[in-house]
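J.: One-letter residues, chain by chain:
Protein chains: 4
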Amino acid sequence: MIKFVLEFVIDMNVFGEKWTFTSFGESHGAAIGGVLDGVPAGLHIDFDMIRAELARRAGKKPTEVSLDFYRGFTGVSSRAQNEPDEVEWLSGVLDGVTLGTPIAFIIHNKDARPEDYEFLKHNYRVGHADKVYELKYGIRDHRGGGRASARETAARVVAGCIAKQTLRLKGISIRASLIQVGAETDPAKFADTIAAYQKDGDSIGGIIECRINGLPAGTGEPIFDKLQAHLAFAIMSINACKGFEYGTGFGGVTQPGSAINAISGGIAGGISDGTEVIFRCVFKPTPSTPKAGVKGRHDACVAVRAVPVVEAMTALCLVQFL
Amino acid sequence: MIKFVLEFVIDMNVFGEKWTFTSFGESHGAAIGGVLDGVPAGLHIDFDMIRAELARRAGKKPTEVSLDFYRGFTGVSSRAQNEPDEVEWLSGVLDGVTLGTPIAFIIHNKDARPEDYEFLKHNYRVGHADKVYELKYGIRDHRGGGRASARETAARVVAGCIAKQTLRLKGISIRASLIQVGAETDPAKFADTIAAYQKDGDSIGGIIECRINGLPAGTGEPIFDKLQAHLAFAIMSINACKGFEYGTGFGGVTQPGSAINAISGGIAGGISDGTEVIFRCVFKPTPSTPKAGVKGRHDACVAVRAVPVVEAMTALCLVQFL
Amino acid sequence: MIKFVLEFVIDMNVFGEKWTFTSFGESHGAAIGGVLDGVPAGLHIDFDMIRAELARRAGKKPTEVSLDFYRGFTGVSSRAQNEPDEVEWLSGVLDGVTLGTPIAFIIHNKDARPEDYEFLKHNYRVGHADKVYELKYGIRDHRGGGRASARETAARVVAGCIAKQTLRLKGISIRASLIQVGAETDPAKFADTIAAYQKDGDSIGGIIECRINGLPAGTGEPIFDKLQAHLAFAIMSINACKGFEYGTGFGGVTQPGSAINAISGGIAGGISDGTEVIFRCVFKPTPSTPKAGVKGRHDACVAVRAVPVVEAMTALCLVQFL
Amino acid sequence: MIKFVLEFVIDMNVFGEKWTFTSFGESHGAAIGGVLDGVPAGLHIDFDMIRAELARRAGKKPTEVSLDFYRGFTGVSSRAQNEPDEVEWLSGVLDGVTLGTPIAFIIHNKDARPEDYEFLKHNYRVGHADKVYELKYGIRDHRGGGRASARETAARVVAGCIAKQTLRLKGISIRASLIQVGAETDPAKFADTIAAYQKDGDSIGGIIECRINGLPAGTGEPIFDKLQAHLAFAIMSINACKGFEYGTGFGGVTQPGSAINAISGGIAGGISDGTEVIFRCVFKPTPSTPKAGVKGRHDACVAVRAVPVVEAMTALCLVQFL
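Protein chains in written order, with my numbering: chain E, 429 to 750; chain V, 429 to 750; chain Z, 429 to 750; chain P, 429 to 750.
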């Protein structure tokens with residue numbers, strides 16, 4: 429009955445060792461979801477926050493999700509569809525409170541339709557991972573492509589929210605915001621900048637800055653497990669991210685030690701120093717644009733939707749140290 | 429809104445490093461389930477085998493699950509209820525074939541009813557983990573008890589079946605069977621022996637032997653990661669298991685080297701030698717009996733239902749080495 | 429210049445995740461040793477205890493190492509040579525106190541001589557790992573055999589002593605002793621029993637019992653990471669160990685639940701219950717005997733020398749949970 | 429005898445899961461060193477390369493180590509002392525060939541002198557980790573500071589050389605070079621630029637570019653374990669590194685998708701695409717300068733000495749995937 433076993437495996441789908449987050453699901457399958465193991469019992473989950481964060485990730489207008497933690501510019505994604513990403517909680521939560529057991533949740537793929545498959549077949553373009561998938565796995569499998577879809581980040585956002593809520597109880601806050609779109613650094617002009625690329629059938633990258641406040645001094649380890657190394661790992665695992673820097677970063681290279689000695693970015697020797705941790709990351713423009721021959725609506729600046737994902741991965745990183 | 433965070437966590441719920449199996453779910457919650465990460469693409473899943481193995485675990489009569497791989501004596505559990513454990517596949521499988529992505533599955537708790545809670549409240553008895561839970565977690569939480577339920581082993585059986593099917597393709601088979609119940613070693617008399625303890629309101633332990641055939645020589649590592657060490661870890665993680673031995677085991681202590689040198693149990697120096705691997709494990713009698721003051725039906729010999737769980741954990745252990 | 433790379437690797441030589449112990453060294457090389465990462469700063473190392481434990485492992489007479497913690501029968505190994513295993517401390521210790529940094533230590537192989545190589549060449553016998561090494565690594569490499577030598581356990585004893593000393597500060601003690609040699613269970617007669625096998629050119633197995641006192645209730649995790657599973661993994665990684673059991677063990681199989689419910693062996697549901705933890709393990713007789721055609725002195729009961737190794741691995745296991 | 433246990437631990441000192449590198453040693457202690465577990469047997473170690481790479485790390489003039497692989501500008505460090513870092517091999521190597529067992533090596537601290545302690549006491553300055561150590565570990569322990577010393581990177585270089593030599597056999601080469609010092613991007617002028625800062629008692633940062641050639645397409649995993657995430661983790665664990673980018677990096681933010689779609693930096697979707705992998709990282713200027721009140725010789729541009737460390741960590745990262 430069983431004919432063959434292809435040897436390819438798309439692993440690993442597990443992040444973290446203290447809080448272990450396992451992500452699963454294909455964009456075209458029954459559901460995506462995750463299991464978060466390591467969350468202490470007794471946390472009252474803030475479901476509104478999770479809904480709002482999922483809306484941010486889906487590119488909703490700020491007014492649609494006007495909650496107090498919804499901050500900074502996130503723009504309006506042209507890809508924002510009516511995806512009501514609703515989370516179903518399978519375990520680990522009773523009456524809205526965590527049990528200390530693994531939290532399993534799923535988001536059903538309500539919009540999975542045959543035409544999605546067609547879309548995926550058209551998806552093999554420059555700048556995408558399609559070609560390397562073929563190289564690595566030996567078959568042109570647009571089903572596997574369903575796993576690589578950015579939709580997977582919705583599960584990261586849900587898990588990240590639980591991590592953020594736990595951190596919030598310890599007085600630690602994480603706030604990411606878009607600080608640059610193309611050459612533009614004035615947030616007031618981001619929407620126009622993106623609209624121009626949108627209209628032109630082109631796309632543009634962006635830089636996100638993330639600030640962590642309230643992190644106790646002493647977080648991180650001095651040799652290999654430096655705090656910045658773990659943050660870089662978490663952030664660079666997000667699709668389309670091309671760089672990570674903290675403190676003086678790349679820009680600091682032109683400044684002498686005498687001028688920038690005191691700028692730590694919140695981390696010294698791999699260990700948080702008790703001041704605000706500041707890092708930045710850059711997201712490339714999507715290659716799927718009308719200009720590149722891809723028809724239909726396109727996301728002119730994916731960095732917009734990456735903001736809540738950056739916060740989520742930051743939170744999932746930090747809880748490993750607490 | 430958030431009042432407090434208890435610090436207790438029931439972790440870790442993850443088994444394995446190459447194939448990572450994450451188990452989740454409370455016996456009283458919406459569902460139990462698991463995520464199996466690391467399964468290669470292209471495996472045609474044998475769903476009938478999974479159904480039959482779940483039936484074995486649920487203590488069904490052999491005749492009800494008369495499939496060719498259903499072997500050895502497993503007896504009839506008095507706890508066998510009409511639990512139609514049906515698996516819902518959420519991801520990682522398309523048209524019955526694995527995708528190489530994480531396989532998430534759930535088993536709904538159809539029978540979760542309020543009276544179950546009452547049952548759990550009566551469950552704090554000698555020989556159970558209730559007291560240590562209280563000691564460890566600081567609260568008398570019968571919800572957490574739901575996690576420790578033997579029902580969790582159903583998820584192990586599902587994951588173990590996928591591991592077994594993969595091993596089968598490589599010519600590796602795993603067969604566990606009950607070889608002793610109380611002092612009785614004749615399988616023909618196991619049913620009567622158990623029935624006698626059942627009638628007496630008492631319970632009895634059993635020994636399971638497991639035989640692995642077709643395992644290539646060279647499996648295992650010579651220092652810490654010996655094959656027998658990993659098998660012992662996997663098997664001793666099953667509820668009620670009190671001991672593990674392989675080859676000459678404890679019984680061999682009375683035999684001189686000259687008599688037993690040639691009996692390897694299939695492993696030498698931590699590494700499989702290409703012959704049949706044979707190990708045994710012992711399961712204690714359940715403490716929840718009428719004789720101990722626990723009313724209602726009871727499982728006079730839990731070792732019966734442990735047989736497919738032993739196979740499942742063996743399979744999940746072996747796939748780590750392939 | 430570089431001709432070829434054989435793909436074989438004798439890994440993994442790392443034990444533990446919180447306290448990480450890396451063992452290295454060939455019995456014929458410059459030195460064996462280890463690195464122990466995770467030891468807190470401020471521990472005053474008891475070097476006398478380490479010397480005495482190494483002497484126990486080397487099979488010295490009790491009188492030669494008459495220290496107060498030297499307890500139980502360990503007999504006199506015929507293999508006991510004048511190996512003055514002296515530990516050189518490379519890092520992590522200053523003025524006898526741990527620094528909180530990795531502790532690296534070595535034991536020089538003073539007695540490495542050409543004739544040892546000859547001995548190794550004669551060593552390919554039934555019951556040894558020689559054959560599986562050839563199967564696994566594809567070459568008959570007696571140099572690799574040097575890694576599998578029981579001498580490697582000296583490094584485990586050193587690391588285990590540091591673990592034991594840390595546990596001692598927390599009020600946790602570990603005491604292993606030989607409780608059976610062949611069919612003999614009276615310690616007063618162990619020496620004679622072993623001497624008889626020695627004289628006969630044969631060998632015999634033994635059972636070691638280990639008792640852990642002072643372990644706080646709550647140690648261990650309820651699902652996969654049960655305390656007994658981790659203890660079994662640690663103990664089964666010792667050469668020649670063929671079985672592990674705790675509490676009622678295999679012997680309990682003949683007793684009804686009503687008789688043995690209250691015997692926990694110190695662990696319930698995978699978690700220590702605050703009472704004495706008791707486990708047993710069995711060691712097979714060495715296959716290297718005159719009767720099997722191996723000339724020269726032989727170790728008639730390797731279980732004797734395994735006693736301090738059992739304690740060491742128990743300690744290295746327990747510190748993972750603290 | 430034992431008075432107290434401080435709870436601080438400087439962990440973790442282990443890098444990697446397939447090839448496990450454990451680093452140990454204090455800069456003022458007997459030795460620093462490492463254990464590399466996972467190296468296949470049969471590799472003929474190129475000791476000359478290791479000597480040359482250690483010389484690069486020590487800041488020697490190129491002419492002093494004029495070997496064919498010594499490439500790019502590395503400048504002349506003012507800190508370059510006569511430290512003849514000689515490696516002593518303890519295990520895992522016989523007659524210059526790896527055995528497939530753990531390779532343990534040490535570098536004796538020949539120059540450890542009392543005045544070093546004085547130096548360390550003067551070392552608590554802005555921009556250093558001294559303060560966070562005090563915050564984290566609760567004591568002002570300049571012995572612990574010995575662990576954080578950049579001298580630890582010598583062990584990384586040794587282990588990295590073995591990784592590089594293994595990669596070289598598979599046709600994979602790693603070449604890092606300094607591409608920017610301050611605002612200067614012309615390598616011909618780096619020496620003068622650094623000399624100017626040196627003379628001024630100040631310091632300056634630098635950018636290192638690393639190019640990996642011959643890496644097979646398919647290296648990396650698409651979700652969390654993306655190749656770029658692991659490279660970022662490895663590189664950001666180096667002292668003084670403030671940022672990591674690959675492909676278009678931060679600079680690409682001003683370019684539209686239509687202009688930069690085709691620049692992958694050798695990685696797509698987390699997986700190498702078979703083209704040259706190019707990444708850059710930035711190193712801050714040392715805060716220990718005469719201008720900042722620190723007397724004595726100073727290293728005006730630590731990026732110079734970081735070049736071989738970048739290559740070493742890249743190699744240790746890549747071998748995890750092979």
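Some hints could be false.
Stated by the list, open to error - With a Cα cut of at most 30 Å, we get these calculated DSS-like pairs of lysine-lysine: (1) P:K446 <-> E:K446; (2) E:K627 <-> E:K719; (3) Z:K559 <-> E:K598; (4) E:K538 <-> V:K538.
To be verified - Computed footprint of chain Z on chain P, listed as stretches where at least three residues anywhere in the stretch have a Cβ under 8 Å from a Cβ of chain Z: (5) 463 to 472; (6) 522 to 535; (7) 662 to 673.
To be verified - To spell it out: a stretch of chain V is covered by chain Z in this simulated footprint if at least three of its residues, at any positions, have a beta carbon under 8 Å from a beta carbon of chain Z; those stretches are: (8) 440 to 447; (9) 616 to 626; (10) 632 to 639; (11) 664 to 672; (12) 682 to 688; (13) 693 to 703; (14) 716 to 728.
Calculated directly from the structure, the hints in this document are not laboratory data. This structure is a prediction, so every number in the text was calculated from the model and none was measured. Cβ coordinates follow ideal geometry from the N, Cα and C atoms, glycine included.
J.: Now tell me, hint by hint, if it's right for this structure.
T.: Okay, the hints, checked on the actual structure:
1. P:K446 <-> E:K446: 20 Å, holds
2. E:K627 <-> E:K719: 10 Å, holds
3. Z:K559 <-> E:K598: 57 Å, violated
4. E:K538 <-> V:K538: 24 Å, holds
5. 463 to 472: holds (count 9)
6. 522 to 535: holds (count 8)
7. 662 to 673: violated (count 0)
8. 440 to 447: holds (count 4)
9. 616 to 626: violated (count 1)
10. 632 to 639: holds (count 4)
11. 664 to 672: holds (count 7)
12. 682 to 688: That given contact holds, which follows from 6 residues of the stretch 682 to 688 of chain V lying within Cβ reach (below 8 Å) of chain Z.
13. 693 to 703: holds (count 8)
14. 716 to 728: With 3 residues in contact (Cβ-Cβ under 8 Å with chain Z), the coverage given for the stretch 716 to 728 of chain V holds.
Hints 3, 7, 9, counting from the list given before, are not met by this structure.
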